[in-house]
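Engineer: Start from the sequences and build out the full structure, keeping to the hints where you can.
As they're listed, the protein sequences go chains W and C. Heads up, the first sequence is in the numbering used here, so the first residue is 52 and it goes up one at a time. Heads up, the second sequence is in the numbering used here, so the first residue is 428 and it goes up one at a time.
Since the hints were made in silico from the structure, they are not lab data. You may find that some hints are simply not true.
A short, non-exhaustive set of chain W residues, derived as facing chain C with CB atoms under 7 Å [claimed, not checked]:
1. Ala99
2. Phe118
3. Phe120
4. Pro127
5. Trp128
6. Ser142
7. Lys166
In silico lysine to aspartate or glutamate, EDC-like type, Cα no more than 16 Å apart, as pairs [claimed, not checked]:
8. W:Lys110 - W:Glu144
9. C:Lys582 - W:Asp122
10. W:Lys110 - W:Asp70
11. W:Lys164 - W:Asp152
12. W:Lys110 - W:Asp74
13. C:Lys582 - W:Asp113
14. C:Lys582 - W:Glu253
15. C:Lys456 - C:Glu446
16. W:Lys276 - W:Glu253
Cβ atoms here follow ideal geometry from the backbone N, Cα and C, with glycine treated the same way.
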Amino acid sequence: MPSLDAVSFGYDGRMLISDLHVDFTPGNISVLLGPSGCGKSTLLRLLAGLETPNSGAVKGVDTAPAFVFQDAALLPWASVEDNVALPSRLSGEAGALSTRDALQAVGLADYAKRKPAQLSGGQRMRVSIARALATHTNLVLFDEPFAALDEILRFQLNDLLLDLQQHYGWTVVFVTHSLYEAAFLGDRIAVMHNGTVSDWTEPGLDRSLDADAQRASAALHDCVKTLSARMRGRAE
Amino acid sequence: MKAWLPPVLLFGCLILVWEVSVWAFDIPKFLLPAPTAVAGALWENSADFLVAGLATLRITLIALGFAVLSGVVLTLAFSLSRFLGQALYPIAIVLQVTPIVSVAPLILIWVGIDHVDRALVIIAWLAAFFPILTNLMTGLRQVDPTLVDLFRLYKASRWQRFWMLTWPSAIPYLLAGVKISSGLALIGAVVAEFVAGSGGSTGLAWRILEAGNRLQVPKMFAGLIILSAMGVVLFYCFSALERVLVGRLGVRGAVT
Ligand SMILES: Nc1ncnc2c1ncn2[C@@H]1O[C@H](COP(=O)(O)OP(=O)(O)OP(=O)(O)O)[C@@H](O)[C@H]1O
Ligand SMILES: [Mg+2]
Chain W
52 MPSLDAVSFG YDGRMLISDL HVDFTPGNIS VLLGPSGCGK STLLRLLAGL ETPNSGAVKG
112 VDTAPAFVFQ DAALLPWASV EDNVALPSRL SGEAGALSTR DALQAVGLAD YAKRKPAQLS
172 GGQRMRVSIA RALATHTNLV LFDEPFAALD EILRFQLNDL LLDLQQHYGW TVVFVTHSLY
232 EAAFLGDRIA VMHNGTVSDW TEPGLDRSLD ADAQRASAAL HDCVKTLSAR MRGRAE
Chain C
428 MKAWLPPVLL FGCLILVWEV SVWAFDIPKF LLPAPTAVAG ALWENSADFL VAGLATLRIT
488 LIALGFAVLS GVVLTLAFSL SRFLGQALYP IAIVLQVTPI VSVAPLILIW VGIDHVDRAL
548 VIIAWLAAFF PILTNLMTGL RQVDPTLVDL FRLYKASRWQ RFWMLTWPSA IPYLLAGVKI
608 SSGLALIGAV VAEFVAGSGG STGLAWRILE AGNRLQVPKM FAGLIILSAM GVVLFYCFSA
668 LERVLVGRLG VRGAVT
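Structural biologist: Laid out in structure tokens, this is it:
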């Protein structure tokens, strides 16, 4: 189980996180909410091994996870397929899916030869997700990936993400500022504040319903209400 | 209105005014020749100018080639070894800030006595190579930090990181540098020819100098026109090259 065990960390001597314990349930989507600057990105970077804890340890992360950033983070000079193949090419470990299957899964099979500049913002984000699919890992970290997209696109990509996560049994840690996105995607949601992570809330949506019905469900709205109260309570 | 129309119109008007003024005020030919006289000189000496222009162009392009080569090699060396960078960069700056005209005679003495061409190339290279060096060094620092994270995440080797990330990120900057340097290489070549004087040099600058000595002012003007035309053509060729390559790479051009 990916977890932070008594992790402390700060930039330039300013402590941001101290003695933090968090577990991320395998096969679940764990969503982190929290005010800007509270350390959400930092937590993901610690999980990914991009930052090293000052004390404590990151456990249960054996291979480099996939990381989906807010901008799609594609090499502009490389084709879509080369971008998707990058992690396995760099690490030398074959990905969970082949490049072709990964592109197929995000609906971009016909775009393999294009350059990122020839895609729309939403398509670039799909490529970034395909790259995660083609990475040799089961743990996928998302850092506000859809924040810059319009709402319809965001819904589409949320649906896609949910599908892929269920199909491939990903363990997902998802950072967002949107309460609705959190409530829709999250199996469990926590609010981060001042370097601490709250208890988890479980919206318990009925996943057998279709996506729109889930979005309209009372469970989702209850969850948003709870989260909103928590966010405000904590932020004051 | 087409973008080229205003400058062409203005240019045409200026030439007309110039022509008319020369006739109206009866200005002597050795002070300011009329455009028609310049055109005449251009036509009469066209064969001569062609040979001379090609000679200057040759020096310019060879020097530019060496500038690119040395710029790339030096930048690679700098980025591989901090020590080298710290040791060599000040020297590069000294070379840059020292006026090329003042160094040219020395180089001609050292190298030019037996091989004028080599001396010309060295001088033009000195004029051209610095923008390529600085542009490339800037370019190597313009790597998207998120992409750096991505490469770190998957344990990319130093080598992979350089060739697959840092170097391609710097290419637009290299191309922008080459565009600037093409003009500087031409200036360097001309300066070198001027300083070399008649010592076996056969380029355009020398033709202009020679015409000046004989007070053939229309011919001087004609030579000048060819020089500016060469500069403009070089600039536009390398701008076009930059656009095409940057487009093909799928990256945004360098902001310099
Ligand atoms: N490389 C760095 N060097 C120094 N300080 C940093 C660095 N990265 C982040 N910080 C600081 O650490 C704190 C937490 O940053 P972090 O990016 O984790 O916040 P966040 O919760 O992701 O915020 P946001 O919601 O705005 O993305 C901030 O105060 C930030 O200024
Ligand atoms: Mg962040």
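Engineer: None of the hints should be skipped; say for each whether it holds.
Structural biologist: How the hints compare with the structure:
no.: 1; hint: Ala99; verdict: 6 Å, holds
no.: 2; hint: Phe118; verdict: 6 Å, holds
no.: 3; hint: Phe120; verdict: 5 Å, holds
no.: 4; hint: Pro127; verdict: 5 Å, holds
no.: 5; hint: Trp128; verdict: 4 Å, holds
no.: 6; hint: Ser142; verdict: 4 Å, holds
no.: 7; hint: Lys166; verdict: 3 Å, holds
no.: 8; hint: W:Lys110 - W:Glu144; verdict: 21 Å, violated
no.: 9; hint: C:Lys582 - W:Asp122; verdict: 21 Å, violated
no.: 10; hint: W:Lys110 - W:Asp70; verdict: 14 Å, holds
no.: 11; hint: W:Lys164 - W:Asp152; verdict: 15 Å, holds
no.: 12; hint: W:Lys110 - W:Asp74; verdict: 9 Å, holds
no.: 13; hint: C:Lys582 - W:Asp113; verdict: 13 Å, holds
no.: 14; hint: C:Lys582 - W:Glu253; verdict: 35 Å, violated
no.: 15; hint: C:Lys456 - C:Glu446; verdict: 12 Å, holds
no.: 16; hint: W:Lys276 - W:Glu253; verdict: 13 Å, holds
Of the numbered hints stated above, those contradicted by the structure are hints 8, 9, 14, listed in ascending order.
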